[in-house]
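Sequences and hints are given; from them, build the entire structure.
These protein sequence lines are chains A and B, in that order.
For what it's worth, the numbering used here labels the leading residue of the first sequence as 1, then goes sequentially.
For what it's worth, the numbering used here labels the leading residue of the second sequence as 1001, then goes sequentially.
Just so you know, these hints were derived from the structure itself, not from any lab.
Hints are not guaranteed to be accurate.
Pair ranges (Cβ atoms, derived) [stated by the list, open to error]: (1) 1086(B) with 25(A): 36 to 44 Å; (2) 234(A) with 1054(B): 32 to 40 Å; (3) 95(A) with 1203(B): 13 to 21 Å.
So these bits of chain A aren't anywhere near chain B, every CB distance computed over 12 Å [what the hints assert, rightly or not]: (4) 147; (5) 167; (6) 232.
Quantities reported herein were computed from a predicted structural model and do not represent experimental measurements.
Just so you know, even glycine gets a beta-carbon here, dropped at the ideal spot from N, CA and C.
Now for the letters of each chain:
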Amino acid sequence: MNCVLEGSGVKAFGKAIHALSRIGDELWLDPMVRGLALRSVNSAHSAYACFLFSPLFFQHYSLGSASEQSSESIKCKLAMKSILPLFRCLTSIERNVERCQISIGTADDRVMIQFFCRHGITKTHNLRFQESEALQAVFAAHLCPNVLKAPARLLGDMVMHFSVCQEEITFSMTPQRVTLKNYYEGENDHMKTMYTEMSLHPDEFDYFQIGVESDITFCLKELRGLLSFAESHCLPVSVHFGAAGKPVCFSVEDMVLEATVVLATLSDSESKGSSQLTGTLAPSTPRCADAAVLPVGSCEADSSKAQDIPAMMEMIPSSQGSPITNLPVLMLLQPETDDPNGRGVADEAFATATLTPASSMICSLLFRSSEQDDDGCAARLPVLACYSDEEANLEEDYTRSPSL
Amino acid sequence: MPLSTQSQGDDEQYVLVASLDNARNLSNILKAITFKDHAIFSATPNGLKVTVEDSKCLQANAFIQAEIFQEFTIRDDSVGFQVNLTVLLDCLNIFGGSIVPGVSTALRMCYKGYGYPLTLFLEEGGVVTVCKINTQEPEEPVDFEFCSTNVTNKVILLSESLKEAFSELDMTSEVLQITMSPSQPYFRLSTFGNSGNAHYDYPKDSDMMELFRCTKTQTNRYKMSLLKPSTKALALSCKVSVRTDSRGFLSLQYLVRNDDGQICFVEYFCCPDEEVEEQ
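Written out as structure tokens, the structure is:
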């Protein structure tokens, strides 16, 4: 993959990396036909972000030879701390950088990022990456009963009122208003906490659709990066969500880029035991980070695991068109992640998902079924992350949904 | 100024007397070489040279010519002593570091000779402070035998172009590699850190390159820990000359303008990292 960014595009790219650095410690670079995707997920798998830059964003964008579009295309994972310093000072980038070239070498395991600066100065960085499976979260935004579209600064202005240390906030929606308040656990420190609550009238939003009244609680820190990005680009922010426990999706898009942040939400305490049925994984701890794990899947080319998968599981195709593989639903990323709790939750979730009768429904909610045209699975469910070789057929369905 | 009311007779006992209306013209430049506690002072009728060394591999010199001082009297051909530089800087800043326009600390530095302390008279707003700092036998500074006839490559760059590069240098790299060549890449700074390597290239026709005189391609590595202190001198300077000789020794010379626009120089000498052979 080889691409060239110019001037202000470099700053936007840097801002995307800043936003992604708020989510996780690793950055996935996924060059695709439809653009370059930058993705990150947090260690607890409760937050996922994806910034997709279409080829139009770049002065030049090429994936290399045609053969690279098959399963041999490079998907690389970089440590955030190796790439973030390159884009740390955005004002100096704006002032000095005229052009930036990014290429992923097939020969060595390096990403080359080259800045062509004023005065003829060139800065070249060769960063080591790990080859990795694609990171993807599939989120059926069209199934969300509640949809909001907020003008660029609205959400940013609202969250400004919460302290930087505020971990979680509760976002409530009724037909009359949208409320944001800080979330506090238990009855501790009643006297020491400052409670902030603010409400917005539906008229403040560019689009207001309420299907179900709900209060969702999610981690605010992970969202701030996207809000800052939206503000700097003057882009309205779309919010898709449902009942508590289901993930919430914040997205922005313009002609050349799309950015999405999917956050897990706390499930209601009374439905903790049956939360698996609602398509989330919710262990008993109420902490947002552990509460609901996102359906983040990785697409493996390794078919040797097929035997372990019960027959009722759906098949999940990879975004790169690699051979269709059987995968357990809600399988989390490879065990390279350091978080033992994450794995534990995954195992538990997997176990429960296979046993509950609603799991096949969960499968089709979260992952695109390759058989959906012929089997009796409800209505055809549009999903977001479709594999590239079927893009042309599905585009007309997805004009309004943010894709990941 | 109260300091000047001292009778001329007192001065007879001093081998060195140096006065400045603004002590910052000395303290600022000394900050650029403060990476070790001790400094060797060497005064000649030309002016003052302050030297700081690290493990015989790195040497920094600050030159303040006699013309910079309002008064510079030296009785012998050369006067030398060693003092604790950190203590000296603390004394020079004794009235606080804040910069108020129109207000400056005046300095009168006096030395009676071998065995005597260095006496500083500092005055600001009518308040006078006298500091006496113990001196030590001056060590002989290392002679890096760096002479202009041996210089193979020389460039002069405007400091602003290097300041950003030095502030961004990957500190996980143990070495800073400097490549100078009459052909591409002309002048290159490279680091080899945990995440990968980085190269900063300055072409010979860049408008940041004031002088480019490279005769042969040379690549040398220097320990990052040794060169990092030079960033302070770079921050103060407006121009820097980078020279390497046939052995790969590095000379960095920084042109510093003080508060009154006068020019002083700071120089760093560094040995190449022995593990890498010169090309």
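Hint check results:
no., hint, verdict
1, 1086(B) with 25(A): 36 to 44 Å, "39 Å, holds"
2, 234(A) with 1054(B): 32 to 40 Å, "52 Å, violated"
3, 95(A) with 1203(B): 13 to 21 Å, "19 Å, holds"
4, 147, "40 Å, holds"
5, 167, "30 Å, holds"
6, 232, "22 Å, holds"
Comparing the model with each earlier hint shows a violation of hint 2 alone; every other hint is respected.
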